[in-house]
Amino acid sequence: MGVQAEEALELASFDEFANYLRANTRVFMELGEKTYYLTHTDEYWRAQDCAELNDKGHFLDCSDLVATLNEFFGLAWLDGKTIEDVFADAKFYKSIQE
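Read left to right, the sequence shown gives residues 25 to 122 (the working numbering).
Among the hints, a few may not be true.
[Said to hold, decoys possible] Pairwise CB distance ranges (calculated):
no.: 1; residue 1: Asp88; residue 2: Glu57; range: 15 to 25 Å
no.: 2; residue 1: Ala36; residue 2: Gly81; range: 31 to 41 Å
no.: 3; residue 1: Lys105; residue 2: Leu84; range: 17 to 27 Å
no.: 4; residue 1: Asp79; residue 2: Asp39; range: 34 to 44 Å
no.: 5; residue 1: Ala75; residue 2: Asp109; range: 17 to 27 Å
no.: 6; residue 1: Ala91; residue 2: Glu31; range: 30 to 40 Å
no.: 7; residue 1: Trp101; residue 2: Leu77; range: 32 to 42 Å
no.: 8; residue 1: Asp39; residue 2: Lys80; range: 29 to 39 Å
no.: 9; residue 1: Asn78; residue 2: Asp39; range: 31 to 41 Å
no.: 10; residue 1: Thr49; residue 2: Ala75; range: 34 to 44 Å
no.: 11; residue 1: Asp79; residue 2: Ala112; range: 33 to 43 Å
[Unchecked claim] EDC-like cross-link-like pairs, simulated, lysine to aspartate or glutamate; straight-line CA separation at most 20 Å:
no.: 12; residue 1: Lys118; residue 2: Glu108
no.: 13; residue 1: Lys115; residue 2: Glu54
no.: 14; residue 1: Lys58; residue 2: Glu31
no.: 15; residue 1: Lys115; residue 2: Asp73
no.: 16; residue 1: Lys115; residue 2: Asp66
no.: 17; residue 1: Lys58; residue 2: Asp109
no.: 18; residue 1: Lys58; residue 2: Asp73
no.: 19; residue 1: Lys115; residue 2: Glu67
no.: 20; residue 1: Lys105; residue 2: Asp73
no.: 21; residue 1: Lys118; residue 2: Asp39
no.: 22; residue 1: Lys105; residue 2: Asp79
no.: 23; residue 1: Lys118; residue 2: Asp85
no.: 24; residue 1: Lys118; residue 2: Glu31
no.: 25; residue 1: Lys58; residue 2: Asp85
no.: 26; residue 1: Lys105; residue 2: Glu67
no.: 27; residue 1: Lys105; residue 2: Asp39
no.: 28; residue 1: Lys115; residue 2: Glu40
no.: 29; residue 1: Lys105; residue 2: Glu95
no.: 30; residue 1: Lys118; residue 2: Asp73
no.: 31; residue 1: Lys80; residue 2: Glu67
no.: 32; residue 1: Lys80; residue 2: Asp66
no.: 33; residue 1: Lys118; residue 2: Asp79
no.: 34; residue 1: Lys118; residue 2: Glu30
no.: 35; residue 1: Lys118; residue 2: Glu34
no.: 36; residue 1: Lys105; residue 2: Asp66
no.: 37; residue 1: Lys105; residue 2: Glu30
no.: 38; residue 1: Lys115; residue 2: Glu34
no.: 39; residue 1: Lys58; residue 2: Asp113
no.: 40; residue 1: Lys115; residue 2: Glu30
These are computed hints drawn from the structure, not numbers from a lab. As the structure is a prediction and not an experimental result, all values here were calculated from the model. For each residue, glycine too, the CB sits at the ideal point set by N, CA and C.
Work out the full structure: start from the sequences and follow the hints.
Structural data, given as structure tokens:
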């Protein structure tokens, strides 16, 4: 689990975002008043709700767990929308590992 950087990433397109996530495997996404942690851990891609913690003190999963990034991008876990559907309305932040 990382810490959210203060400055938003400058990602001009969804393809640029996809390449960033492919290379870095984790990013914070702000959408409206919600913040999500998009990450690849334990061999699965997942989205986690930063407002809720599980019993281990980690962000709570809010999407299905899938094996590939393409499967993750295809998940409609945001009120029936995918990350690509909401990309223009979202801000993304680097995850700083402590």
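Here is what the structure says about each hint:
no.	hint	verdict
1	Asp88 x Glu57: 15 to 25 Å	holds, 23 Å
2	Ala36 x Gly81: 31 to 41 Å	holds, 35 Å
3	Lys105 x Leu84: 17 to 27 Å	holds, 20 Å
4	Asp79 x Asp39: 34 to 44 Å	holds, 38 Å
5	Ala75 x Asp109: 17 to 27 Å	holds, 21 Å
6	Ala91 x Glu31: 30 to 40 Å	holds, 32 Å
7	Trp101 x Leu77: 32 to 42 Å	violated, 19 Å
8	Asp39 x Lys80: 29 to 39 Å	holds, 34 Å
9	Asn78 x Asp39: 31 to 41 Å	holds, 33 Å
10	Thr49 x Ala75: 34 to 44 Å	violated, 22 Å
11	Asp79 x Ala112: 33 to 43 Å	holds, 36 Å
12	Lys118 x Glu108	holds, 18 Å
13	Lys115 x Glu54	holds, 5 Å
14	Lys58 x Glu31	holds, 17 Å
15	Lys115 x Asp73	holds, 15 Å
16	Lys115 x Asp66	violated, 25 Å
17	Lys58 x Asp109	holds, 16 Å
18	Lys58 x Asp73	holds, 8 Å
19	Lys115 x Glu67	violated, 25 Å
20	Lys105 x Asp73	holds, 16 Å
21	Lys118 x Asp39	holds, 17 Å
22	Lys105 x Asp79	violated, 28 Å
23	Lys118 x Asp85	holds, 19 Å
24	Lys118 x Glu31	holds, 8 Å
25	Lys58 x Asp85	holds, 14 Å
26	Lys105 x Glu67	violated, 24 Å
27	Lys105 x Asp39	holds, 17 Å
28	Lys115 x Glu40	holds, 13 Å
29	Lys105 x Glu95	holds, 14 Å
30	Lys118 x Asp73	holds, 16 Å
31	Lys80 x Glu67	holds, 19 Å
32	Lys80 x Asp66	holds, 15 Å
33	Lys118 x Asp79	violated, 25 Å
34	Lys118 x Glu30	holds, 8 Å
35	Lys118 x Glu34	holds, 10 Å
36	Lys105 x Asp66	violated, 25 Å
37	Lys105 x Glu30	violated, 26 Å
38	Lys115 x Glu34	holds, 9 Å
39	Lys58 x Asp113	holds, 12 Å
40	Lys115 x Glu30	holds, 11 Å
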